[in-house]
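Here the protein sequences line up with chains A and B, keeping their order. Residues in the first sequence are numbered from 1 upward in steps of one, following our numbering. Residues in the second sequence are numbered from 1 upward in steps of one, following our numbering.
Think of the hints as simulated: they come from the structure by calculation, not from any bench. Hints should not be assumed to be uniformly reliable.
[Claimed, not checked] Restricting the straight-line Cα-Cα distance to at most 35 Å, the calculated cross-link-like pairs of lysine-lysine (DSBU-like) are:
(1) B:218 / B:360
(2) A:175 / A:360
(3) B:360 / B:415
(4) B:218 / B:327
(5) B:136 / B:415
(6) A:175 / A:136
(7) B:175 / B:136
(8) B:218 / A:36
(9) B:136 / B:219
(10) B:219 / B:175
(11) B:327 / B:360
(12) A:218 / B:36
(13) A:175 / B:45
(14) B:136 / B:218
(15) A:45 / B:175
(16) A:327 / A:415
(17) A:219 / A:360
(18) B:175 / B:36
(19) B:415 / A:45
(20) B:175 / A:36
(21) B:327 / A:36
(22) B:45 / A:415
(23) A:45 / B:219
(24) B:36 / A:360
(25) A:36 / B:219
(26) A:175 / B:36
(27) A:175 / A:415
(28) A:218 / A:136
(29) A:136 / A:360
(30) A:327 / A:175
(31) A:175 / A:218
(32) A:415 / B:36
(33) A:36 / B:36
(34) A:327 / B:36
(35) A:36 / B:360
(36) B:175 / A:219
(37) B:45 / A:219
(38) A:327 / A:219
Since the model is a prediction, treat every value here as computed from it, not as a measurement.
Number of protein chains: 2
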Amino acid sequence: MDSQRVAATYWVETPYPLEQAAEIIAGEQSTGTFTKVPGESDALKREHGAVVEGIERLEDHDAPSLPGTVAPPGHDGRYHRGRVVISFPLHNFGPSIPNLMSAIAGNLYELQQISGLRLLDLQLPEAFAQRYAGPKFGIEGTRRLLQVYDRPLLGTIVKPSIGLSTEELAVMVEKLARAGLDFIKDDELNANPPYAPLDQKVAAVTAAIERAADATGKKLMYAFNITGDWDELRRNHDLVVGAGGNCVMVSILSVGLPGLAHLNGYSEVPIHGHRNQWGMMTRSPHLGMSFTAYQKLCRLAGADHLHVNGLDGKFYESNESVTASIKACTEPLFGGYKAMPVVSSGQWAGTAHATYNAAKTADVMHLAGGGMLAHPDGAAAGFESMKLAWEAAVNGVTLEQCANRHPVVRRAMDKFGKAGRL
Amino acid sequence: MDSQRVAATYWVETPYPLEQAAEIIAGEQSTGTFTKVPGESDALKREHGAVVEGIERLEDHDAPSLPGTVAPPGHDGRYHRGRVVISFPLHNFGPSIPNLMSAIAGNLYELQQISGLRLLDLQLPEAFAQRYAGPKFGIEGTRRLLQVYDRPLLGTIVKPSIGLSTEELAVMVEKLARAGLDFIKDDELNANPPYAPLDQKVAAVTAAIERAADATGKKLMYAFNITGDWDELRRNHDLVVGAGGNCVMVSILSVGLPGLAHLNGYSEVPIHGHRNQWGMMTRSPHLGMSFTAYQKLCRLAGADHLHVNGLDGKFYESNESVTASIKACTEPLFGGYKAMPVVSSGQWAGTAHATYNAAKTADVMHLAGGGMLAHPDGAAAGFESMKLAWEAAVNGVTLEQCANRHPVVRRAMDKFGKAGRL
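Bound conformation, chain A alone (with noise of 0.2 Å):
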């Protein structure tokens, strides 16, 4: 691919023969409109306009998968598959992820000549990697902040999501701190509500934090979600780090990828990216982004942690995607851009096995709200049971063999492993 150009991969559908439609796409995305005006020379297309890259068929589908699609005069009945590389001049947009987004999504999604569209990966040139810094930390940072080198980083999720007051918050805090948790986040339902400020949680949770630090030598990370209005995100970011917080949280789909970007201009801790409300932009298989494609944008625009689901998890996802997805945020970008996945949602001990056995790796942070919280002998025993799991796992020692030998590994398995998936 020409250096210079963006290469964007769409899974399409369309009554239309697979070439046309391609061609209505790239027309739509760059110089064209529905019909010819004065001033679109040939010159002008082939210096600004997308090109069809490639076509890889797929087998046909006999319905529309998205409404308000309009089939061509004789048309057979006949919706085609396939997965479509265009690729758009960079000098179009330039290296900015708002204008990319505008170039490659657009209202592409609304042409009526396409039943379906799906974008599925980038390939963006290197002048993205000059405008965008990206991950300052990313799992190395990470690691080296929490000194934890040999495991995956284990933490929780602040739990009754929201409603707690600061000082039932900070009791909880210090406890899971003195316990020997490497992390905890604030829920994203929970950032800076009216009936408990983020300026009296920073201060009573760092408060927390350093007295069981004091206590047992080692400082939890604990990522404070600062979602917020453009104004807020500094303001709050600059609470968090002048009251020693050493990890700011974003809902990235709340504040914009170029929320993110801003962000990460200045920011000072790992930057948590979680990515509540993406499920409506991916769960339909024939609309929206893969994840392969949206988190090398959130990489590029700066988050040092990205969520990724977890395998058995409370969620609809797959295990297979989710494993896709903790591979996509370490495989290099531009030599680097490192990001560490976050596995969460409906984890406790008992998915550990199932984590390492997909993704293959310990990089990841591995976080179970219930399933370290509601552990029958408290949180402490919760986090231990994860660290049980997971030396298990990665020494190819059975969960069974692990509860066999460890009861507080059993007794996890015995309140959260039989309502199957969680």
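Chain A is already provided as a structure; the job is to place chain B on it using the hints.
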């Protein structure tokens, strides 16, 4: 509804009884997780829990619309559909659009207990109006700037979308301004491309507009696409205003709602809100969001003009849906916050009647790209044809009658009217 609660209406499809699915949604998005955790007391649930306010049953379906759904044991194969209203206490997140999104959308779309979910509507408490100022210009302010009151604002989109040099663009704009057009916008594909940087574009285009205004006495409104990263928004806005420009445009999904709200904090000219990428979030009837909900957030965040597609347009959207969007933008929110609906995509003189008959208002901006610029007699004739068609539509004169009287309309019909639904 309690003035301190947000109410969200969802279309839900689920293999569970609707009541149970509604409770799962309410729990996931407030105090619950997959297992009961310490601290989730009854008092906390009362104070912070989301509440199922109503369920309207719709017809069952015999298959899941989205993948990854897990049915309960003994499931009878029926997927229940309904409209479900859930309310959230405002004090869980405060009047913050980004944090509202994490609450009302969040991880909901990923739940394996649901096989379809769509946010249909939103009711927001007054506190949001205190936090977000909304459109500064809206319909009235835009009309006042243009001194056009008795018909829709008529304009075009720069085509070819990309590739014109700054000089070519200035020549084109001056010609169109001299022809009397009210409005021109940059294409959403064209913001600040390296081959025609925004500063040069702004200088050349504003000078062209001033020259035409000196000749005609009327100053055209030009929406410069200032979409970009955070810092660029401010710089670009100031560039436009400093040069005497009178409108800025942003791709709302590119900059995010907080980006729009931030721009609205300092903007001195109307904000033209483009919704490209929106198809991704709305084209599946079983996922995402309806524009009825989204446009409220866009208006709160400050969009003065809001794209709604066009009647008989080139996109998938039905005329009913476009009509609903036009009406939604002009329905009072907190007693005001009206945005001017921008009817666009595959438009020409012949779509004026459909637009007026459906929306029963001339309070729209009606934009035609090809349908204006590619008129057989040139763009001035394109503008004339649209003005005449609207006059006819408002006065109950048919397009055919109008064309009989005005050759410029007939010539538009001959070119654009044959291709069916353009």
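Here is how each hint holds up against the structure:
Distance restraint check for residue 218 of chain B and residue 360 of chain B: the Cα-Cα separation of roughly 27 Å lies within the 35 Å cut-off, and the hinted pair is therefore satisfied. Under the criterion of a C-alpha separation no larger than 35 Å, the hint pairing residue 175 of chain A with residue 360 of chain A is consistent with the structure, at around 32 Å. At roughly 27 Å between alpha-carbon atoms, residue 360 of chain B and residue 415 of chain B fall within 35 Å of each other, so this suggested pair holds. Between residue 218 of chain B and residue 327 of chain B the alpha-carbon distance is near 29 Å, which keeps this suggested pair within the 35 Å criterion.
The hinted pair formed by residue 136 of chain B and residue 415 of chain B fails the criterion: a straight-line CA distance of about 39 Å is larger than 35 Å. Distance hint between residue 175 of chain A and residue 136 of chain A is fulfilled; the C-alpha atoms sit about 30 Å from each other, no more than 35 Å. This hinted pair checks out: residue 175 of chain B and residue 136 of chain B have alpha carbons roughly 30 Å apart, not beyond 35 Å. Taking the CA atoms of residue 218 of chain B and residue 36 of chain A, the gap is about 29 Å. The hint holds against a cut of 35 Å.
Taken as a hint, the residue 136 of chain B and residue 219 of chain B pair is honoured in the structure, with Cα atoms around 20 Å apart against an allowance of 35 Å. At most 35 Å may separate the alpha-carbon atoms for a hinted pair to count; residue 219 of chain B and residue 175 of chain B meet this at roughly 13 Å. Using a Cα cut-off of 35 Å, the hinted pair residue 327 of chain B and residue 360 of chain B holds, with the two alpha carbons roughly 9 Å apart. Distance hint between residue 218 of chain A and residue 36 of chain B is fulfilled; the C-alpha atoms sit about 29 Å from each other, no more than 35 Å.
About 23 Å separates the Cα atoms of residue 175 of chain A and residue 45 of chain B, which keeps this hinted pair within 35 Å; it holds. Proposed proximity of residue 136 of chain B and residue 218 of chain B is supported: the alpha carbons are some 22 Å apart, at most 35 Å. This hinted pair checks out: residue 45 of chain A and residue 175 of chain B have alpha carbons roughly 23 Å apart, not beyond 35 Å. Pair hint residue 327 of chain A plus residue 415 of chain A holds up; C-alpha atoms about 30 Å apart against a cutoff of 35 Å.
Under the criterion of a C-alpha separation no larger than 35 Å, the hint pairing residue 219 of chain A with residue 360 of chain A is consistent with the structure, at around 28 Å. The suggested pairing of residue 175 of chain B with residue 36 of chain B is violated, with an alpha-carbon distance near 68 Å, which exceeds 35 Å. Restraint check: the Cα-Cα separation between residue 415 of chain B and residue 45 of chain A comes to about 23 Å, which is no more than 35 Å; the hinted pair holds. Proximity of residue 175 of chain B to residue 36 of chain A is assessed by CA-CA distance (about 19 Å); at most 35 Å being required, the pair is judged to hold.
About 32 Å separates the Cα atoms of residue 327 of chain B and residue 36 of chain A, which keeps this hinted pair within 35 Å; it holds. Among the hinted pairs, residue 45 of chain B with residue 415 of chain A is consistent with the structure: their alpha-carbon atoms are about 23 Å apart, no more than 35 Å. In summary, the hint linking residue 45 of chain A to residue 219 of chain B is supported, as the alpha carbons are separated by about 32 Å, within the 35 Å threshold. Of the supplied pair hints, the one linking residue 36 of chain B and residue 360 of chain A holds, its CA atoms being roughly 31 Å apart against a limit of 35 Å.
Simply put, residue 36 of chain A and residue 219 of chain B have alpha-carbon atoms about 28 Å apart, close enough for the 35 Å limit, and the pair holds. Between residue 175 of chain A and residue 36 of chain B, the direct Cα distance comes to roughly 19 Å. Compliance with the 35 Å bound is thereby established for this hinted pair. Note on residue 175 of chain A and residue 415 of chain A: the hinted pairing holds, with a Cα-Cα distance of about 22 Å set against a maximum of 35 Å. About 22 Å separates the Cα atoms of residue 218 of chain A and residue 136 of chain A, which keeps this hinted pair within 35 Å; it holds.
Only pairs whose Cα atoms come within 35 Å are accepted, and residue 136 of chain A paired with residue 360 of chain A is accepted, the gap being roughly 25 Å. As the CA atoms of residue 327 of chain A and residue 175 of chain A are separated by approximately 33 Å, the hinted pair is consistent with the 35 Å bound. Using a Cα cut-off of 35 Å, the hinted pair residue 175 of chain A and residue 218 of chain A holds, with the two alpha carbons roughly 13 Å apart. Annotation: proposed proximity of residue 415 of chain A to residue 36 of chain B holds, straight-line Cα distance about 11 Å (limit 35 Å).
Proposed proximity of residue 36 of chain A and residue 36 of chain B is contradicted: the alpha carbons are some 62 Å apart, above 35 Å. A C-alpha spacing of about 32 Å is found between residue 327 of chain A and residue 36 of chain B, which places the hinted pair at or below 35 Å, so the restraint holds. Straight-line distance between C-alpha atoms of residue 36 of chain A and residue 360 of chain B comes to about 31 Å, which keeps the hinted pair within the 35 Å bound. Of the pairs offered as hints, the one joining residue 175 of chain B and residue 219 of chain A is violated, with about 67 Å between alpha carbons and a cut-off of 35 Å exceeded.
A distance of roughly 32 Å separates the Cα atoms of residue 45 of chain B and residue 219 of chain A; the hinted pair therefore holds under the 35 Å criterion. With a CA separation close to 28 Å, the supplied pair residue 327 of chain A and residue 219 of chain A stays within the 35 Å bound.
Comparing the model with each earlier hint shows violations of hints 5, 18, 33 and 36; every other hint is respected.
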